[in-house]
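Asker: These protein sequences, in sequence, are chains B and U. Numbering of the first sequence is given in the numbering used here, commencing with residue 61 and proceeding in unit increments. Numbering of the second sequence is given in the numbering used here, commencing with residue 61 and proceeding in unit increments.
Calculated from the structure, these hints are not laboratory results. One or more of the hints may lead you astray.
Stated by the list, open to error - Interface residues of chain U toward chain B, partial, derived using beta-carbon atoms under 7 Å:
(1) L166
(2) E201
(3) V269
(4) M270
(5) F282
(6) E292
(7) L320
Said to hold, decoys possible - EDC-like cross-link-like pairs, simulated, lysine to aspartate or glutamate; straight-line CA separation at most 16 Å:
(8) U:K240 x B:E113
(9) B:K240 x U:D121
(10) B:K240 x U:E116
Stated by the list, open to error - Pair by pair, the computed Cβ-Cβ distance ranges are:
(11) U:A125 x B:S353: 22 to 32 Å
(12) U:G352 x B:P110: 14 to 24 Å
(13) U:G239 x B:D72: 35 to 45 Å
(14) U:A125 x B:D76: 25 to 35 Å
Glycine included, every Cβ here is placed at the ideal spot set by N, Cα and C.
There are 2 protein chains.
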Amino acid sequence: MLPVAVDAMGGDHAPDAIVAGALLAAESGIPVTLVGPADLPSRVDTGSLPLIEASEVIEMDDDPAQGVRRKKDSTLVRAAEAVRDGVASAMVSAGNTGATMASGLLRMGRIRGVGRPAIAAMIPVPGGTPTVLLDAGANSEVQADWLVQFAQMGSIFAEHRLGIANPRVGLLSIGEEAGKGDSLRKEAFGLLDESSGFNFIGNVEGRDVMSDDCDVVVTDGFTGNVVLKTLEGAMRQVMSALTEAVTANAELAEHAAALLPEILPLQTSLEAETYGGAMLLGTNGVCIISHGSSSPTAINNAIGVARDMVDVDVVGSIAAAIQPHD
Amino acid sequence: MLPVAVDAMGGDHAPDAIVAGALLAAESGIPVTLVGPADLPSRVDTGSLPLIEASEVIEMDDDPAQGVRRKKDSTLVRAAEAVRDGVASAMVSAGNTGATMASGLLRMGRIRGVGRPAIAAMIPVPGGTPTVLLDAGANSEVQADWLVQFAQMGSIFAEHRLGIANPRVGLLSIGEEAGKGDSLRKEAFGLLDESSGFNFIGNVEGRDVMSDDCDVVVTDGFTGNVVLKTLEGAMRQVMSALTEAVTANAELAEHAAALLPEILPLQTSLEAETYGGAMLLGTNGVCIISHGSSSPTAINNAIGVARDMVDVDVVGSIAAAIQPHD
């Protein structure tokens, strides 16, 4: 397969953590190409990884759309162009999320018929299968018919990414009954209920997001992003309070040492980075958006996800579902 | 003081748990009156608690507005009327949240100048002071100027309820910069930034909700309710996974037994019911909305909160702030 293009300059720990993650993926047999400045190999050990040159970086605080428009030789723009031009099979970035999305959207283009691409994030479920949440932040305002497409795309993603047959798709609202929620949710419920091609189970509530009661949770990008960050913050707080609780009392050190190995899998399962990032759905190519704080492991996982999504042709499946009669 | 009117028939464990909670509060010296059917004392031991008779119950699945309109002799309507008529100082219910709100709104009326009442919920923060989140579900669609009033009311509530001087008020959005969010958030940011009378610190994100970085988080009732229920679900999942992790291995039972007392305070601090329920802000009287699953302890705490909010005259403070020049 064509190499996965990895934005070497995106993320809080770029380029070191990114390159280290790319090397891990390459060692495991996945073809990878870095996208970064010409002098990257003199700054960090890039091993034998090929490099697509890009002289600019869209910074975390750059305006996404302006960044993509003005920095035409940026790593993000060049990575997206590599996918568009058939030089790379997918792109991965831990940089500016909005700019990653904008690069994917503007350079790869939308799949025909898709109103708006959406970010599908993986919400960890303790002891269970993650829940796919979309839109996790691409569109702060949406139309009801876009939510129907999010449901369709999310269902395909959950099937390919998590191996769930006939994923249960819920509309995030504030009550389970059909009439609950704001006017957007009421309109979307009606459209979803009439749709075919995915398994709509009705409204779900906040408490269903981190549970096994639902596989795909559909919402607008404002609500989705708030939910995602609320959970991230809460998990960080709880884990830090837990660590403090079990290690605060020196007399209990022995007990803590014995129990921590039992608790650690829980912590790992609650860390979003285990899942290798979110995917932009609806663009003409695979675009994986990793967390800004990504470690080498997270980047390695993200590259693995990119490879998998190319292998199963999730883009082709979405195109077929959105335009079934073409 | 006048007694606190407690809806004996509202909640998953009514009337037993409610009456038990009311008895606990009465024992601690708070005047309490039950609101329930005439035969309540023959069904459950109500001790020497007085009873305001009400022959109907608005059920959990009743439509809130219709329930209040049609069931004029319901416990919720009678409780709100008791406050309106100067027979009770406050009302407490663990019943249908929407109907509790509608009873308070329609029978007590709005404070003059208040566009819409909002539900202020307490979000537990591990090892810290809870965060006030409003609106937690009263208004699924809001106007930007209502959000400004929510900020004002939430600030007064945090000051009186939690003893926080000059509470930090944040607007929940999807980025810290002023321009981030949907059109509602952009408009509200401008209005909040020009307002005086509270300490607006700008946009906050989901990760700030369960943290000590902000005291009051302002949002629409749709987003607020989703956040509240997402956190409730997540905390329940994490705690159950944690309990499982530390008790799964029989050989570790001794270590688990030693450590659980250290972990339990964390669990308690994460349980919303510790805080005795949410308060409806903006009505002409104190209305406390408890969780449907409330235990006697939760009801006792809710009655304590009601008493405190009457004592400090939170309603008068809001009226003065909203109509400062009257």
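Asker: Take the hints in turn and mark each one as holding or not.
Answerer: Now the hints, each set against the structure:
With 7 Å as the threshold, the beta carbon of U:L166 stays out of range of chain B, its nearest partner Cβ sitting at about 20 Å, so the hint is violated. The closest approach between the C-beta of U:E201 and any C-beta of chain B is roughly 5 Å, which is under the 7 Å cut-off, so the hint is satisfied. At a threshold of 7 Å, the smallest CB-CB gap from U:V269 to chain B is about 5 Å, leaving the interface hint in force. For the restraint placing U:M270 at the interface with chain B, the shortest Cβ-Cβ distance is roughly 5 Å, inside the 7 Å limit, so the hint holds.
With its C-beta approaching chain B no nearer than about 5 Å, U:F282 sits inside the 7 Å limit, and its interface hint holds. Look at U:E292: its Cβ gets to within about 6 Å of chain B, closer than 7 Å, so that hint holds up. Evaluation of the U:L320 hint against chain B yields a violated restraint, the C-beta minimum of about 10 Å exceeding 7 Å. In summary, the hint linking U:K240 to B:E113 is not supported, as the alpha carbons are separated by about 32 Å, beyond the 16 Å threshold.
As the CA atoms of B:K240 and U:D121 are separated by approximately 12 Å, the hinted pair is consistent with the 16 Å bound. For the proposed pair B:K240 and U:E116, the alpha carbon gap of about 24 Å is over 16 Å, so the pair is violated. At roughly 46 Å, the beta carbons of U:A125 and B:S353 sit outside the given window of 22 to 32 Å. Distance hint check: the CB atoms of U:G352 and B:P110 are about 59 Å apart, inconsistent with the given range 14 to 24 Å.
As the Cβ distance of U:G239 to B:D72 is approximately 22 Å, the hint placing it in 35 to 45 Å is violated. Distance hint for U:A125 and B:D76: a CB-CB separation of about 59 Å, inconsistent with the stated range 25 to 35 Å.
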